[in-house]
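A.B. asks: Those protein sequences? They're chains A, B, C, D, E and F, same order as listed. Residue numbering for the first sequence is 0 to 244, as defined by numbering that gives the first Met the number 0. Residue numbering for the second sequence is 0 to 244, as defined by numbering that gives the first Met the number 0. Residue numbering for the third sequence is 0 to 244, as defined by numbering that gives the first Met the number 0. Residue numbering for the fourth sequence is 0 to 244, as defined by numbering that gives the first Met the number 0. Residue numbering for the fifth sequence is 0 to 244, as defined by numbering that gives the first Met the number 0. Residue numbering for the sixth sequence is 0 to 244, as defined by numbering that gives the first Met the number 0.
For the record, the hints were derived by calculation from the structure and aren't laboratory data.
When chains are identical, the list treats them as one kind, so a pair holds in a single copy or across two.
List time: in silico EDC-like cross-link candidates among lysine to aspartate or glutamate, alpha-carbon distance up to 20 Å:
#	residue 1	residue 2
1	Lys18	Glu55
2	Lys101	Asp75
3	Lys85	Asp128
4	Lys11	Asp213
5	Lys101	Glu129
6	Lys145	Asp194
7	Lys100	Glu129
Protein chains: 6
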Amino acid sequence: MRGVCVKDMTWKEAEARMKEARAVILPLGSTEQHGYHMTVDTDNIVATHVAKLLAERTDCVVLPTLPYGQVWSAKDFPATISLREKTYIELIKDIVISLEKKCCRNVILFSGHWGNVAPCKIAARELLDECGYENVYYFSYMDLKKNGEGIMETELWNGSGFHAAEIETSILLHIHPEGVNMEKAVCDYPPIPSDADIRPIPWIKFAESGIFGDATKATAEKGKQFLDNWMNQMCALITENIRYR
Amino acid sequence: MRGVCVKDMTWKEAEARMKEARAVILPLGSTEQHGYHMTVDTDNIVATHVAKLLAERTDCVVLPTLPYGQVWSAKDFPATISLREKTYIELIKDIVISLEKKCCRNVILFSGHWGNVAPCKIAARELLDECGYENVYYFSYMDLKKNGEGIMETELWNGSGFHAAEIETSILLHIHPEGVNMEKAVCDYPPIPSDADIRPIPWIKFAESGIFGDATKATAEKGKQFLDNWMNQMCALITENIRYR
Amino acid sequence: MRGVCVKDMTWKEAEARMKEARAVILPLGSTEQHGYHMTVDTDNIVATHVAKLLAERTDCVVLPTLPYGQVWSAKDFPATISLREKTYIELIKDIVISLEKKCCRNVILFSGHWGNVAPCKIAARELLDECGYENVYYFSYMDLKKNGEGIMETELWNGSGFHAAEIETSILLHIHPEGVNMEKAVCDYPPIPSDADIRPIPWIKFAESGIFGDATKATAEKGKQFLDNWMNQMCALITENIRYR
Amino acid sequence: MRGVCVKDMTWKEAEARMKEARAVILPLGSTEQHGYHMTVDTDNIVATHVAKLLAERTDCVVLPTLPYGQVWSAKDFPATISLREKTYIELIKDIVISLEKKCCRNVILFSGHWGNVAPCKIAARELLDECGYENVYYFSYMDLKKNGEGIMETELWNGSGFHAAEIETSILLHIHPEGVNMEKAVCDYPPIPSDADIRPIPWIKFAESGIFGDATKATAEKGKQFLDNWMNQMCALITENIRYR
Amino acid sequence: MRGVCVKDMTWKEAEARMKEARAVILPLGSTEQHGYHMTVDTDNIVATHVAKLLAERTDCVVLPTLPYGQVWSAKDFPATISLREKTYIELIKDIVISLEKKCCRNVILFSGHWGNVAPCKIAARELLDECGYENVYYFSYMDLKKNGEGIMETELWNGSGFHAAEIETSILLHIHPEGVNMEKAVCDYPPIPSDADIRPIPWIKFAESGIFGDATKATAEKGKQFLDNWMNQMCALITENIRYR
Amino acid sequence: MRGVCVKDMTWKEAEARMKEARAVILPLGSTEQHGYHMTVDTDNIVATHVAKLLAERTDCVVLPTLPYGQVWSAKDFPATISLREKTYIELIKDIVISLEKKCCRNVILFSGHWGNVAPCKIAARELLDECGYENVYYFSYMDLKKNGEGIMETELWNGSGFHAAEIETSILLHIHPEGVNMEKAVCDYPPIPSDADIRPIPWIKFAESGIFGDATKATAEKGKQFLDNWMNQMCALITENIRYR
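Produce the complete structure using the sequences and hints provided.
C.D. replies: Okay, structure coming up:
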């Protein structure tokens, strides 16, 4: 066995490993602007790295990362690519159905990009309703305030926004420092449009750098601590809820 | 500028680079069985590597590789994931539309997996009919016999099949030897079903190893030579036909 | 003019009124279980009543209430009817397109049922992307904790659940007391499944009464106060953001 | 039990009542112009009222009225809202499927708007073909000439048109007089376009008031008599054909 | 020029002819049971023959006949093939769009099968709404009672049914006698199910021969007379309403 | 029994014949330009004729020919009609499903037009995946070089193109000489666009006559010989692979 990554296995190796593993993890990223200081690959890096950690700690295997997602809000920034909600839902369903047909009945959708979460939930519901698949799980960033307590020093934008800001940048500095150029990191809290929560507004309309918060406060150490908290939370949920079958 | 890979750029860097480049290349792979001796990531490795070479030689930029494709024939092998034709078509269209909206009007779909080609052609036709996008190109393995002349020693299966056999294995040995275990390479010409060309037959019905040919004859040198011929052909086509705009 | 309700107008009256009004409000309800003490019409009653109040205070007109919605979570309870996400999205889009074609370019989707909000957002995004309609707004229950401060005495279920509990019951007692039978009101905090936030779980699997909280603490006075706060918040948002056109 | 209207029941009450009832009736209306003298809610008023009468006389229960329908012909009149044929079909199917899943296997689609009938028939056929649901029935205005014999004094427009004219106005005067302003009632037989039956022609192209006939001849008494005949016919059909199950 | 049939022309001939013709006629048939005495090709024979007559008399050209239609009612009879409503609608739309793109802006859908008419109307409406095509016309059997006055001796089944009975058989005897075997013609008025008009009932449930009426009374002379009346009516409508453009 | 053509049978005759036959053949044609010398009906003539020969030699029955197909490449020529890929796929599926429901579980899609083949394969795959139909076969022009060896004198265009050229014209001269006007036959090898194989290019962009090869070399004798070879190949495949059931 060559480890947890399906991509490094032959089909024979993967067959054996998938049968004994707890679940298969599908890392979901995106190709999306992440400010002046991080690459458009940021979500893919996080999805890939965290999914692998999860797999190692909970006896799962991990699939190749899907690097295109639902990125409606940032879609008008250069080099940002967005799939329509309905395309993304069908895509996720096809992959899960392909897996289920080969009897690995626990599938974890791990998203390193927040915009993927809503269509993942719809996909999981439809897989349950249409195919009877009960064991499709979704994870992404969770409980930022709790997991960042004592770590994060800056405010979330509009109460919940964190795109390319302190947290994400810190994680990148920890897991993939070559993807960050701190000299270009800025603090940018775009003015909150008064209609931000009552109609669809593409970010390009009011954002400048593409950051929503303060990236200058990021450190690798913060990233490590936050990731630890987050990992502990997710691993506990997985081991408690996802049974071998 | 950090090179040809969009994934290594910030949106600002990508914006500048995409404006001056000849075209954007989308590498299309798959997660598919490749015999006992190569990983299920083989098509992604080829797509990523060749797309990058193409970009370097023809002044293009390359996007992250899409690692899931239309893999109908092999879909019943373990660790092989297949998207429905219609899902794949919509997926490709969404990505191209996202790019076109940001004015990079030349898009090259480069597929390291043969099954992706047919839906790519349909997607390109629909993008032309529905959106007026004239400049969507598709490339994949071309003219195997001509490009492999004097290099390949073994026969194609049923006149055209080469999956995981001499050619693909040689390329992998050349560009990513750690993805090949030649000790497990076999020569496997599955019996050709008499109805192979007149109805849909999943490979699992008659294939054993998943190889269609003789992988034992593969060498890195053959891979290098074949790739040179193939690259020359594709680069000539690109520089002749795809104008800056 | 017979007031704010389009349903009470002839087309001539409605034509005149819609031209001068700030916006058209579409009240979105559902037919859904609301515990032992409230009818399945609860969301429709709230949607209709609140939309009318909004219209009166912000110079809008209000359409007939759509009494079927996306009710996935409660869908397995008797007399609960749920539309598929994609059907609901198309339905909302068709209604808005029908309105837009007749030049009332501000449309407010007001939902008295939480499950409608996600598909409303998708519909609004697609209306923007596909039709260029910029002025589709969505409102529903907002900021429960803030608007209920000093009023609500009981906890939200799992941090955010309030279905058929103190708040909703109080509002009903205030606006439509004949729709509540307080003798049947119960306090029911169903055990929170440990996987409640990581996969789709129909309520029928773990809920008993269909209430998520304490309905016994509801009073008409609380309903009045909460509604006042909520109305003030929404009216401010509307008058600030939705311009006459 | 609070009567025949599901909307006035809790889910527990509805559960008991739906189990013992003969069928569930879904009233289908529309928001559509009805001349200068009746409101755009006319079809909803008729659908709601008649469905309730039917339920009382045949031991059925009645759901909330769906106030948006397929209104292609009148779609260009102000305050008239039309759903696309395909949206309406999916909508009806979703509601029926939701009901069928909870074992009330007789469903009556009662339409107070003629344009809904064609998509209802398609929906019923598809429910039979795709889901095996055999017991979906559709009713609407039937046999106008026979049911109106000795009552109606004016001609149908183009042999079958009756929109907002003598019959409908009379029914409204009988069941909901506050929805009619007889001072604005007119006699309007729009010129019949010679191509009226051979291609799609929106009414706005040749109609003025939106009435197709003579509304001035309407009386409440006529409405009562027509409704009696129509009710008798429908009740006989229901009791003869729809068995308890 | 080789006449009115596009199928007998080269593209050059067709181009010239389509430019000067009044309209293009698309004959719509079906493959459907027509009793013991007529072939399943009956609707195609009628569609082809009548469309050609129409073309000759009104200066139109006629396309190849589409021999598959929407045949829901008869779909369970052997050798009867039915397309789903939605497939048929898309099919008609694609053909019309293909024609419109080449500037023949008058298109007549002539159906020799009644079941095609409803989806043709929907297709024509959608072509108007989505493409702005104003000039799509539909014709089929019209005013049977009036056109058959003094000719037909037998009753229509259930007031309107005529499938494979006196009229259709007479037309066939007139235009294609080799498609009729009068020795096998029968009189068959299947019992009218009491729920025939209130829910979808496939004919196979209550019909025996597949005939709805009395085929034994058919004669070629009756067919000729009926066809004359019908042709006169249609030609008048075409010449009056469909302008050269 | 009246022979092999379902269209010439009553449903009773067809029922008996379809039960005992090996398979049902669906001939697939198109309405497409075929140069200056052949009619737009050419593919339908070939499909009809060859399907009938096949049926006679392999104990099959043949359905009416579908005269509209996927004709993307030639779609911009006058009198050429093209269905969208997705419409054609659904159409084929509906017809097959209609046949399968009546238990003739072997279906042969015989296409006289090359563009139909790709969507036929997709349809056959989807029928297998979605309906479990294993016995849907597709045939069209096969092995032109081998079957034309010693017969054809001229080159294929761009290695594979033969539209309206020596082969097709010869077949027409043999089976339907009135469909050919050899005086208008030309030799036309349009310049091969250098990007012909790497992006979608409608023929209208570079072709003149619509012929791809040399039609002047066609003779009826060549057509007969080619057809013999082709028929022998197809009949052998059918009798070997398609079992009675």
